[in-house]
Each structure stands twice: as structure tokens, then as C-alpha cells.
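Dock the two chains into a complex; use the hints.
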Amino acid sequence: MINENGLRVDGRKPNELRLIKMEVGVLSNADGSAYIEQGKNKILAAVYGPREVHPRHLALPDRALLRCRYHMAPFSVEERKSPAPSRREIELSKVIKEALEPAIFLEKFPRTSIDIFIEVLQADGGTRCAGTTVAALALADAGVPMRDLVVACAAGKVDGVIVLDLNDIEDKEGEADVPVAYMPNLGLISLLQMDGSLTIEEFNQSLNLAMDGCKQIYKFQKEALKARYVTIKEEVEECLR
Amino acid sequence: MSSIMVSRIRQKQIAQMVASGKRLDGRGLKDYRPIKVETGIIEKAEGSSRVLLGKTEVVVGVKVEIGDPFLDRPNEGVFTVNSEFVPLASPEFEAGPPSEESIELARVVDRGIRESKAIDLEKLCIIPGKKVYVIFIDIYVLNHDGNLIDASSLAALAALLNTKIPVYVVEENEVKKTNDYIPLPIKNLPVSVTLANISDKLVVDPWLEEEEAMSARLTITFDKDNKISAIQKGGTGALKPQQIMEAAHIAKEKAEELRKMVVKT
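If you're matching them up, the sequences are chains A and B in order.
The first sequence begins at 1 in the numbering used here and counts up by one.
The second sequence begins at 1001 in the numbering used here and counts up by one.
Just so you know, the hints here were simulated from the structure itself, not pulled from any lab data.
Don't take each hint at face value.
What the hints assert, rightly or not - Stretch by stretch, here's where chain A covers chain B in the computed footprint (C-beta under 8 Å, at least three residues):
| no. | segment |
| --- | --- |
| 1 | 1028 to 1042 |
| 2 | 1226 to 1238 |
| 3 | 1243 to 1253 |
Stated by the list, open to error - Computed from the model, here is a short list of chain B residues facing chain A with C-beta under 8 Å:
| no. | residue |
| --- | --- |
| 4 | 1009 |
| 5 | 1100 |
| 6 | 1104 |
| 7 | 1218 |
To be verified - In silico DSBU-like cross-links for lysine-lysine, where the CA-CA straight-line distance does not exceed 30 Å:
| no. | chain 1 | residue 1 | chain 2 | residue 2 |
| --- | --- | --- | --- | --- |
| 8 | A | 215 | A | 233 |
| 9 | A | 94 | B | 1201 |
| 10 | B | 1260 | B | 1130 |
| 11 | B | 1224 | A | 172 |
| 12 | A | 215 | A | 40 |
| 13 | B | 1224 | B | 1030 |
| 14 | A | 172 | B | 1252 |
| 15 | A | 42 | A | 81 |
| 16 | B | 1117 | A | 81 |
| 17 | B | 1240 | A | 215 |
| 18 | A | 172 | B | 1130 |
| 19 | B | 1187 | A | 172 |
Since the structure is predicted, the reported quantities are computational estimates derived from the model, not experimental observations.
For each residue, glycine too, the CB sits at the ideal point set by N, CA and C.
With the rest of the complex left out, here is chain B (with noise of 0.2 Å):
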């Protein structure tokens, strides 16, 4: 459960518009907001990226860091997708440990990335089975106003398309950091579209209000081969079989059109 409560009557008038195709603020049921991709915005991170989605609002920053593999992957380097709901973003957040929702959406972007292999981590390991890169991806949400898993994949990709990861030399054992920075290695170009069941409808994108008067919501991660990467199933409601496969479609073709956004700037 989550942000405002919209009134009763709005979340009729929401689903009432839906069931006749159309939508309180003007969109056609597969039209994304007005999307704004920027890179490049925070200097002293290594990659960062802000998304406007409407108007909601989500940074993205990345560290580079050297670290330890984990065990069972001594030749890769490691990331971590974490997510902030910081309490200027919504009345809704409050400061503390993460919610479920926040959790969720970290998860969710770290699926899309990890499943379609989109960091090359071979390419990050420097000693092997002791120094590798350790990638940090944080999502930073500055304002919410629905649909923050687009907002972030698309924010988290953007971001690591803009890393520059610094060139490290062995020397006698000792890692040592060089002046230089090359490109993250990137093989993959993950994008989600997340689609709400409203009055037994799909709806592309929703904000908040549609998100107050949905019942279900699913995303759909595609990779660069129109390869589905993660699904994630959300909200208190249910969804027919035949409205999944029917999201699938649409959520191929929405993927392809977002990642071109991405991928020029």
C-alpha cells in the first residue's frame, strides 16, 4: 500500500475512462509520459544518469570500487542495485530502513541487468579470485509519481552506458590505480515495461492515480534480442493468462522503443 490516497470517486473515474480506452490525462492505454533521459549530471560519480518520466523523477548514480569476488565466481567482478525512496520524493516516504516496495525495486532493475548479462563482469576481474571491480548501482527517487521500475531501468542503463571505470595495473601483487578510464563493458541493453490491469484493460506506464486504481501490475524486462529477462508480477490483484501473454506483445514492442531513447543520448 502505498502514496495518496486518491478518492474513491477518482479511482472510478480512472477505471470507467480505462474500460472506454481512454485515460485522465490524455494518453492513448500504450502511450509512455513524455520520457527525458540526461547523463553525465553528478562529476564525482562514475556513471549517474536523471530520468523524467512525466514527473516522476529517478537518479541514478554508480560507484566503482575494488573488492573481493564472491566464492563461487572467483574471474567476476560484483555489482548491487540499491534503491532510496528519500522522503522529498513523495508525503507517502519516510526516512528509515527500506521498505518492501523499495526493495522490490532494486531487485526488479537487478534482475533485468544480471539476467540479460548486461555488464560484462569477466572483463572486471583484475586478480582473479582475489581483486575484481565491485560495481554500485543506487537508485535515487526525487519524485514519485508512479511507475518508478521504468523510470529506474531505464535510469540504471543509462548510467552504466555512461560509466568510466578507472584502469587498475598489478604491480607485485599490489593493485594500483592508474589516471586512465575506459568504458564499463556493456553486452546487454535490459529495458522493462510495466503494464497495469485497470477495469480488465492494459495501461502502458501507469502514474499514480492509475496506480491507486489498478489491480494488477506487470513488468516485463527485454533484452537487446527481444529476449524476455525478468517479469514481475505486482499489486493485490490477479491476472488472466491470456492479458500476460497479451502484456508480453506489447511490452516487446514499448522495449524496443525505449531503448533507442537510451542508447542515443
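Next comes chain A alone, as it looks inside the complex (with noise of 0.2 Å):
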């Protein structure tokens, strides 16, 4: 899986990101949305609220709900994958949702629901991660107020070697597999999972290289909103002209 030049099956050196695009406000019946590429990963996300709660009897006095659905597309994959969720997506619907709300001022917004939907149209190992970054921008498009921004980053262990953001054969051969979600601003780990076999000190390697990642892509995720907001400005000042 590493060649004798230190390189990894598609290239890229230990600590080195896949190539990443991503897009802000791609979908106009959402309130927020975004869309991501991470090497051959393509994800859409979509925000839908501050609504009314349906069913009301989940409304919380106190602040919104926050749901997530991550759910992948049948042709994302190589064999068709069967639409009902499966077990490891509502476990990931879950880890997700866990990974944003700290983020949230849910407290802003009693009675109400926060819904996120994440789509895998493509996937290429990593997705949870790639899906937690680009919910955050959905979010942050949708203009509910947070704390920081959440981007998310796997590391991992392939042929003894601590690499950055695995993709799919490496997620599938490697010894360890480590995705991460970080808030950069508040220096704080919302989402963690481990599987594989790792030593405490390389578990700490693998955190460390994957919080170095989230924070790359932090700047991409940045540049995107802005982009976003630029593209706006344009054509408001289009319209008074």
C-alpha cells in the first residue's frame, strides 16, 4: 500500500489531503446547502430550519432539535447499496449529529427543529468526515448562528505508516482508521472513532495528523462561504443596477 518511494496508491504523500472543491448554496428549496468533493467523494447537504418540529410531541421547551439523516445514494458504491438505512448509517446519522451540535446555539431556537440531510451521491472512503464538513457549511449557509465551524478529517495506519485522510481501499486494507471533527476556533474534538489496532503513542500521532487536516480544510471551507457571499453580493448590487 506504500511504495519504496514513501508514496501511497494514489500518489499522495503520508500527509497529504485528497484533492478537495466544494460549493456553497447549491439547492434553492433549502434554507442552507452544500456540496462537497474529496477525491472521488461527492456529497450534497441541505439545512432545513429553524422550522416548526414535526411530530410536535419532539419540540424541546428549552432549544431546537437537531436531527441528521446521513444516507447514501444505491449507485454510490460499487455494488448497489439497498436505499433503507442500514444499521451503520443510523449509527453515523448519529455520530454526526453529535459531531455539529456543540457548534449550535441550539438555546436560540426553543421549540423548533434543525433538520440536516446528507446525501452520498459518490463514495470514496471517508465520507462521514467529508459529510460533517460539508453539513457545517449547509449550516452555516442556512444562517443558524454558531460558535465555530465544524470540519472534519480521518487519519490512519496503512502498511505501518500514520497517513492522512484515507480513501477507500486504504479505509478498507489499512491496519487503523481514526475520523476526527474539530472546531479549529475552540481547539475542541466533537466527533471521535477509532477501529483497527493502534498503540496509545500512534493513537496520538493518528489524532495529531488528523486535527493538522481538519485544520487545512477549515481554510478551504472558509474560502467556500465567502465565495458564496460574494457570488450574493454580485447580484443584489445586479439587481439595483
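The structure is reproduced here in C-alpha cells:
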């Protein structure tokens, strides 16, 4: 998995991210939306809310109800995936929701719901991280007040080397995978999982590498948000002319 | 969001006590509740156990069948972990499809067993590509008083160590069951340790009311060689990177203590 020059299956260096492209405001019906491409991952996220809660008995008296659905399209993977939510998707919906929740001022919107929908159109490893990153952008695009953006990236161990941003093959064949979601300005970690086999020292290295990756992706995230508002400004100016 | 709404005052009290290094039930921050492990409690199951972690009670039953291997792993047996939050265990549990929490619990226990390679799956192949052993690990929560993950992973390990699988013979491409039983081949001993972040302090083995008061929890599973096999952060809050490393060191120590408890039974 790592060649004699220390390069990975797709030619990257161990601490190198895949190519990332992000766009904000891609769906007109949603209150906020965003799209990300990270390697061959293609993921859309949309946010609806704060809005009235359905069913109503779920409403919380002191804050907004945050809901998240992570879902993979049947054509997103090699073998067709049944569109019914799998146990994996239910678990990921939960951990992504918990990754975003500490960033949002939910207490500003009691008795409402904020619904996040993440659709994976094509999967190439690290979809929970890319999904978290793009969902945070969609939340920001919806104008939901946040303490920080949330940005996620995985690190792991492949062929004995600690590497950043694992792709599908590295995730499946590698020795360990550590997805991390990070709030860069608060310096807090809001999603952390691991599977595989690592010593405490290797885990520490992976965690730090993943946080470095998050800091790099955070820059792209900010640029994507800014680009959106430059476009809006231009559109408004066009109308006024 | 789960379990009984502990009043805000109670949550505050718990948080204040933890901030001063104490806990409402008198434990130290790094102490587990009393643990009791019993095995072989269900005769009809090939393996079983009951774990009491304070008032939290979990039963695990292991059933063994014969089935098809996965296409990409023709020479390996198969196992699945499932958990049921039966309604008799808590006023918050309802009958019906499994909740997010129940699915997460089963998947975290599964990850610990799978990633540490606890079950020697290669020894569970009968006819390569055709017939293998299928091991069903069912977690039954009987009383929910917090930290279901640690209670369940301990119970799952105890039940696996207690499991006897029937011996099958192959005669003219037919698989026949014999009357002999052998112990399930076990290669590793994963143990999970869960810590809660309350008032920016780490507390081991949170009970129900502490789970209500915590901002986040972290479960770390160690194998017998002190390597990390699985991690899961839960809860709506966040953790500092230093806290995570501190938790890893505490969990390593505690996992060893817990493992001794299961292996001796």
C-alpha cells in the first residue's frame, strides 16, 4: 500500500489530503446547502430550519431539536446499496449530529427543529468526515448561528505508516482508521471514532495528524463560504443597477 | 436523548461534586461500580453471561448456527452483534424498531470484538466458500442504570469465553452435526472503558444520572496486548485533545483490571 518512495496508492504523501472542492448554496429549496468533492467522494448536504417540529411532541421547551440523516445513494458504491437506512447509516447519522451539535446555538430556537440531510452520491472512503464538513457549511449557509465551523478529517495507519485522509482502499485494507471532527477556533473535538489496532502513541500521532488535516480543510471551508457571499453581493448589485 | 429527565438542580449538583473530585454515589472519579459476572445462565444458548455493573444489568446470549460465508471471506466464519433495549429495562425504552442508541451500542461492541480479532474466524470454516459457523451475539439490556457499553462488552466477552460450539463433520459434501462440543476459538480479549466528561473532569463508568449531566462520553476498547481496537465518542458536547489522551491512559489501566475479572470466571 506504500511504495518504495513512501507514496500511497493514489500517489499522495502520507500527510497529504486528497483534492477538495466545495460549493455553498447549491439547492434552492433548502434554507442552506453545500456540496463537497473530496477525492472521488461527492456529497450534498441540505439544512431545513429552524422550523416547526414534526411530530410536535418531539419539540424541546428550551432549545431546538437537531436531527440529522446521513444517507448513501444506491449507486454511490460498487455494489448497489439498498436505499433503506442500514445500521451503519443510523450510527453515522447519530455521530455526525453529535459532532455538529456543540457548535450550534440551539438554545436560541426553542420548540423548533433544525434538520440536516446528507446524501452521499458517490463514496470513496471518509464519507462521514466529508459529510460533517459539508453539513457544517450548509448550516452556516442557512444562517444558523454557530460558535465555530465543524471540520472533519480522518487519519489512520496503512502499511505501518500513519497517513492522512484515507481513501476507500486504504480504509478497507489499512490497519486503522481514526475519523475526527474538530472545531478549529474552540480547539475542541466533537467526533472521534477508531477501528483497527493502534498503540496509544500511534493513536496520539493519528489524532494530531487528523487535526492538522482539519485545519487545512477549514481554510477551504471558509473560502467556499466567502465565495458564496461574493456571488450574492454581485447578484444584489446587478438587481440594483 | 435518553432516560429519565434528571432535574436541572440534580445535574448541577452532580457537576459541582465532580468539579471538587467527588461523586454523588461516593465513588472516586476513576472507580467502577461493583461488578458481578456470571456465565452459563441460559442452558439453551451455546454461551451466555449476565453482568451486573452497579444496578445496570445486561444478559448476553450466544447462538451458533451454520450458514454461508461472505463472498469476500470464503474461509472465515461470520458473527453479528445485536442489542435489544427491552421495555422492562427502563421507563424510557419502548417496544418497536431499534433506537439509535441501541444500534450504536451493538456496533461499538461489534467493533471491539471484530477489530481485536477476538474470535478466531478462520477456525470457524467448515466447507470453504460454502458452510461456516455463524455466531449470533445478542445483548439484552435488563436494567438501565448507565454505561450500557461497558456492561455489554464485558458481558459479550464473558459469554464468548463461555461458548461451546457443536462439532460438524463433512460426509459426501453434507454437513452433519455430531454430539461433540468444543470451546469457541478465542484469540483476543477486548475490554471497553467508558469515561464521561463532567465539569471538564473525566469520570469513569458514568451511571444514569451522570450520563444526564455529562457533556460527552468517550469509550475506548483495549485488547489483551494493550492496543486500542475501537473508540467511540458520544454525547452532544466536545472534548479537548489533551482530555482524550488522558482518557486513553486511564482506560488502558482500567481495561486490564476489568479483563482479569472476566477471565477468572
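Results of checking the hints against the structure:
1. 1028 to 1042: The restraint on the segment 1028 to 1042 of chain B is violated, since only 0 of its residues have a Cβ under 8 Å from chain A and three are required.
2. 1226 to 1238: holds (count 13)
3. 1243 to 1253: holds (count 5)
4. 1009: 15 Å, violated
5. 1100: Status holds, d = 5 Å.
6. 1104: 5 Å, holds
7. 1218: 7 Å, holds
8. A:215 <-> A:233: The hint holds at about 27 Å.
9. A:94 <-> B:1201: Status holds; Cα separation ~24 Å.
10. B:1260 <-> B:1130: 38 Å, violated
11. B:1224 <-> A:172: 23 Å, holds
12. A:215 <-> A:40: 21 Å, holds
13. B:1224 <-> B:1030: 21 Å, holds
14. A:172 <-> B:1252: 26 Å, holds
15. A:42 <-> A:81: The given pair, whose Cα atoms are some 16 Å apart, holds under the 30 Å limit.
16. B:1117 <-> A:81: With Cα atoms ~27 Å apart, residue 1117 of chain B and residue 81 of chain A stay inside 30 Å; holds.
17. B:1240 <-> A:215: Satisfied, since the Cα-Cα distance of roughly 15 Å is no more than 30 Å.
18. A:172 <-> B:1130: 24 Å, holds
19. B:1187 <-> A:172: 22 Å, holds
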